[in-house]
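Colleague: Sequence:
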Amino acid sequence: MREKKTVFKLFFVWDFEKEERWLNEMAQEGWVLDNTGFSFYTFVRCEPGEFIIRLEMNPSSDYRAFVKELGAEYIGGCVNWVYFRRKAELGSFELLSDIDSRLTHLSRIDRMLSLICLANLILGITNSLNQARCGWLNLLCAAMLSYALGRIHGMKAALEKERSLHE
Numbered sequence: 468m469r470e471k472k473t474v475f476k477l478f479f480v481w482d483f484e485k486e487e488r489w490l491n492e493m494a495q496e497g498w499v500l501d502n503t504g505f506s507f508y509t510f511v512r513c514e515p516g517e518f519i520i521r522l523e524m525n526p527s528s529d530y531r532a533f534v535k536e537l538g539a540e541y542i543g544g545c546v547n548w549v550y551f552r553r554k555a556e557l558g559s560f561e562l563l564s565d566i567d568s569r570l571t572h573l574s575r576i577d578r579m580l581s582l583i584c585l586a587n588l589i590l591g592i593t594n595s596l597n598q599a600r601c602g603w604l605n606l607l608c609a610a611m612l613s614y615a616l617g618r619i620h621g622m623k624a625a626l627e628k629e630r631s632l633h634e
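First residue of the sequence shown: 468, per the numbering used here; consecutive thereafter.
These are calculated hints, taken from the structure and not from any lab test. Just so you know, not all the hints are guaranteed correct.
Cut-off 30 Å, straight-line C-alpha distance, at most; resulting in silico cross-link-like pairs (BS3-like, lysine-lysine) [to be verified]:
id : residue 1 : residue 2
1  : Lys485    : Lys472
2  : Lys628    : Lys485
3  : Lys554    : Lys472
4  : Lys476    : Lys535
5  : Lys554    : Lys628
6  : Lys535    : Lys471
7  : Lys535    : Lys554
8  : Lys623    : Lys485
9  : Lys485    : Lys471
10 : Lys476    : Lys554
11 : Lys476    : Lys623
12 : Lys554    : Lys471
13 : Lys485    : Lys554
14 : Lys472    : Lys535
15 : Lys623    : Lys535
Simulated restraints on C-beta separations [said to hold, decoys possible]:
id : residue 1 : residue 2 : range
16 : Gln598    : Lys628    : 42 to 48 Å
17 : Ser527    : Leu607    : 27 to 33 Å
18 : Asn597    : Asp529    : 41 to 47 Å
19 : Asn597    : Ser564    : 35 to 41 Å
20 : Cys545    : Asp567    : 40 to 46 Å
21 : Phe505    : Phe533    : 23 to 29 Å
22 : Asp529    : Glu496    : 30 to 36 Å
Every residue gets a Cβ at the ideal spot worked out from N, C-alpha and C, and that includes glycine.
Given the sequences, and given the hints that come with them, work out the whole structure.
Modeller: Spelled out as structure tokens, the structure:
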């Protein structure tokens with residue numbers, strides 16, 4: 468039986484690049500991602516640097532099949548995030564390889580956050596007007612999601628600027 472360990476680590480939605488970097492650092496240390504859930508990561512022992520890990524917000528089963536054709540293995544998902552690993556010996560493994568694919572990815576995140584933020588805002592206002600005790604919680608969630616949207620919009624603006632410099 469392979470040696471396993473589970474780690475609890477919280478990443479915010481705008482920190483997906485940081486999360487991916489951390490997962491690849493773990494693989495460099497000989498621990499490859501084997502399963503994931505909300506802030507829980509299960510790793511198994513591997514040869515240091517044996518795998519490259521990628522994650523993306525794209526729940527489509529067609530997309531998972533496409534990535535599998537690239538020699539990658541679908542590890543699992545959490546909400547709309549999907550996690551893949553591929554043997555490093557197969558060469559470079561990039562899912563978001565150009566500015567347009569990165570912008571599309573950020574737009575997917577933006578749409579999801581916008582819907583959840585709007586729902587929390589409506590619920591928060593409605594609950595507050597009805598003097599429900601939990602209205603403040605929805606408003607707090609909406610505020611945090613608004614912050615996340617600001618971070619995502621900043622990332623998109625930086626990519627748009629980068630694209631305009633290359634044109």
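Colleague: Take the hints in turn and mark each one as holding or not.
Modeller: Outcome of the hint check:
Between the alpha carbons of lysine 485 and lysine 472 the distance comes to roughly 20 Å, so the proposed pair stays at or under 30 Å and holds. About 22 Å separates the Cα atoms of lysine 628 and lysine 485, which keeps this hinted pair within 30 Å; it holds. About 20 Å separates the Cα atoms of lysine 554 and lysine 472, which keeps this hinted pair within 30 Å; it holds. Among the hinted pairs, lysine 476 with lysine 535 is consistent with the structure: their alpha-carbon atoms are about 27 Å apart, no more than 30 Å.
A hinted pair counts as satisfied when its Cα atoms are at most 30 Å apart, and lysine 554 with lysine 628 does not qualify at roughly 34 Å. Only pairs whose Cα atoms come within 30 Å are accepted, and lysine 535 paired with lysine 471 is accepted, the gap being roughly 24 Å. Of the supplied pair hints, the one linking lysine 535 and lysine 554 holds, its CA atoms being roughly 12 Å apart against a limit of 30 Å. Distance check on the hinted pair: lysine 623 and lysine 485 sit about 16 Å apart at the alpha-carbon level, within 30 Å; holds.
Note on lysine 485 and lysine 471: the hinted pairing holds, with a Cα-Cα distance of about 23 Å set against a maximum of 30 Å. Between lysine 476 and lysine 554 the CA atoms are separated by roughly 24 Å; this keeps the pair inside 30 Å, and the hint holds. Between lysine 476 and lysine 623, the direct Cα distance comes to roughly 26 Å. Compliance with the 30 Å bound is thereby established for this hinted pair. Between lysine 554 and lysine 471, the direct Cα distance comes to roughly 19 Å. Compliance with the 30 Å bound is thereby established for this hinted pair.
A distance of roughly 21 Å separates the Cα atoms of lysine 485 and lysine 554; the hinted pair therefore holds under the 30 Å criterion. Of the pairs offered as hints, the one joining lysine 472 and lysine 535 holds, with about 25 Å between alpha carbons and a cut-off of 30 Å not exceeded. Restraint check for lysine 623 and lysine 535: satisfied, since their Cα atoms lie roughly 28 Å apart, inside the 30 Å limit. Between glutamine 598 and lysine 628 the C-beta distance comes to about 46 Å, which sits within the given range of 42 to 48 Å.
Between serine 527 and leucine 607 the C-beta distance comes to about 32 Å, which sits within the given range of 27 to 33 Å. Separation of asparagine 597 from aspartate 529 is about 43 Å and conforms to the stated range, judged on CB atoms against 41 to 47 Å. The hinted window of 35 to 41 Å between asparagine 597 and serine 564 is violated, with their beta carbons roughly 49 Å apart. Between cysteine 545 and aspartate 567, the C-beta spacing of about 25 Å breaks the proposed range 40 to 46 Å.
Between phenylalanine 505 and phenylalanine 533, the C-beta spacing of about 26 Å keeps the proposed range 23 to 29 Å intact. The hint said 30 to 36 Å for the Cβ distance between aspartate 529 and glutamate 496, and at roughly 33 Å that hint holds.
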